Amino acid sequence: MMKKLMISVVAAALVLTMAGCGSKDSGGTKVKFATDAAYAPMEYMDKDKVAGFDIDFLAEVMKEAGLAYSVTNTGWDTMLTSVQQGKEYQAGISSVSITDERKQTYDYTAPYFESTNMILVKEGSPIKSALDLKDKKVAVQISTTADTLMTKIMGGDNKSLKRMDNNTLALMELESNGVDAVVADIAIIREYVKNNPNKKFVSIADAKNFESEYYGILLPKGSDLKAKLDPAIKKVIENGKYATVYKKWFGQEPDTKKLLDQK
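Numbering (our numbering), first residue to last: 7 to 269.
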């Protein structure tokens with residue numbers, strides 16, 4: 007009887023110790039991230055796993071923060087809705103630009119990536135800038151900053167502005183001559199051109215009409231995760247791990263000073 011009692015006490019102590027370790031490492035819960043894995047090289051499906059720059063960056067941040075987590079490919083609109091509710095998913099990472107409009111609905115972590123939108127056209131196109139798109143057929147991903155920018159240029163009711171569910175569909179529309187141009191984040195356009203050298207696409211930067219924007223991890227309003235993730239993001243950028251991930255995916259050094267200067 008005493009032996010059984012001793013075993014029970016030891017087992018109970020072991021369970022408590024393991025529970026304590028879990029609390030220290032992950033806050034006692036797993037943070038569930040939603041993403042739209044159709045944004046190579048930022049996030050995309052590699053067989054049955056989500057891969058990309060954002061995913062490698064997130065791994066470093068969550069390791070630094072000591073938090074357990076998972077990432078699920080939900081699609082763009084589902085991610086936005088579910089993170090706003092904060093129930094099934096507590097955060098979203100999917101090249102989400104920080105905008106004043108979105109700040110009314112969400113909280114963001116500190117910025118972690120500088121981006122801008124870019125135009126993609128076929129070789130020989132007369133399009134040279136964003137303003138040249140006003141009377142053209144243009145595809146964008148719906149509810150992105152590209153959608154916002156082109157709505158301002160072309161008008162919200164312009165039927166020549168095609169709002170697609172994702173950038174893959176937008177790019178397919180350009181391939182099939184359904185539109186004259188695609189507007190999307192610079193990383194997406196550059197990756198597409200790199201992977202399709204024989205299709206003779208031309209990328210166009212327009213710093214005058216497409217200003218720099220910054221990505222942040224998307225959070226529900228009032229989320230306590232911000233206080234845990236912001237210091238971890240800063241640490242990962244400062245200790246060189248961010249640069250390692252950046253060079254892996256983009257082959258060049260990031261401007262971390264400019265990134266850290268952002269508020």
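Please note that a few of the clues may not be correct.
16 Å max Cα-Cα, derived EDC-like pairs, lysine to aspartate or glutamate [as the list claims (entries may be wrong)]: (1) K240 - E217; (2) K264 - D212; (3) K205 - E129; (4) K227 - E129; (5) K234 - D113; (6) K36 - E70; (7) K241 - D267; (8) K264 - E244; (9) K247 - E66; (10) K253 - E70; (11) K240 - E66; (12) K134 - D62; (13) K165 - E181; (14) K232 - E129; (15) K254 - D236; (16) K69 - E179; (17) K143 - D153; (18) K253 - E120; (19) K165 - E179; (20) K206 - E129.
Calculated directly from the structure, the hints in this document are not laboratory data. As the structure is a computational prediction, the values presented were derived from the model and not from experiment.
Status of the hints after comparison with the structure:
Between K240 and E217 the CA atoms are separated by roughly 24 Å; this puts the pair beyond 16 Å, and the hint is violated. A threshold of 16 Å between alpha carbons decides the hint, and for K264 with D212 the separation of about 20 Å lies outside it, so the pair is violated. With a C-alpha separation of about 9 Å, the suggested pair K205 and E129 falls inside the 16 Å cut-off, and the hint holds. Taking the CA atoms of K227 and E129, the gap is about 44 Å. The hint is violated against a cut of 16 Å.
Using a Cα cut-off of 16 Å, the hinted pair K234 and D113 holds, with the two alpha carbons roughly 13 Å apart. For the hint pairing K36 with E70, the CA-to-CA distance comes to about 15 Å; that is within 16 Å, so the pair holds. With a C-alpha separation of about 14 Å, the suggested pair K241 and D267 falls inside the 16 Å cut-off, and the hint holds. A C-alpha spacing of about 12 Å is found between K264 and E244, which places the hinted pair at or below 16 Å, so the restraint holds.
About 7 Å separates the Cα atoms of K247 and E66, which keeps this hinted pair within 16 Å; it holds. Only pairs whose Cα atoms come within 16 Å are accepted, and K253 paired with E70 is rejected, the gap being roughly 20 Å. Of the pairs offered as hints, the one joining K240 and E66 holds, with about 11 Å between alpha carbons and a cut-off of 16 Å not exceeded. Distance check on the hinted pair: K134 and D62 sit about 35 Å apart at the alpha-carbon level, beyond 16 Å; violated.
Between the alpha carbons of K165 and E181 the distance comes to roughly 19 Å, so the proposed pair goes past 16 Å and is violated. Of the pairs offered as hints, the one joining K232 and E129 is violated, with about 44 Å between alpha carbons and a cut-off of 16 Å exceeded. A distance of roughly 23 Å separates the Cα atoms of K254 and D236; the hinted pair therefore is violated under the 16 Å criterion. In summary, the hint linking K69 to E179 is not supported, as the alpha carbons are separated by about 40 Å, beyond the 16 Å threshold.
Proximity of K143 to D153 is assessed by CA-CA distance (about 13 Å); at most 16 Å being required, the pair is judged to hold. Proposed proximity of K253 and E120 is supported: the alpha carbons are some 14 Å apart, at most 16 Å. Among the hinted pairs, K165 with E179 is consistent with the structure: their alpha-carbon atoms are about 15 Å apart, no more than 16 Å. Straight-line distance between C-alpha atoms of K206 and E129 comes to about 6 Å, which keeps the hinted pair within the 16 Å bound.
In terms of the numbered hints stated before, the structure departs from hints 1, 2, 4, 10, 12, 13, 14, 15 and 16, listed from lowest to highest.
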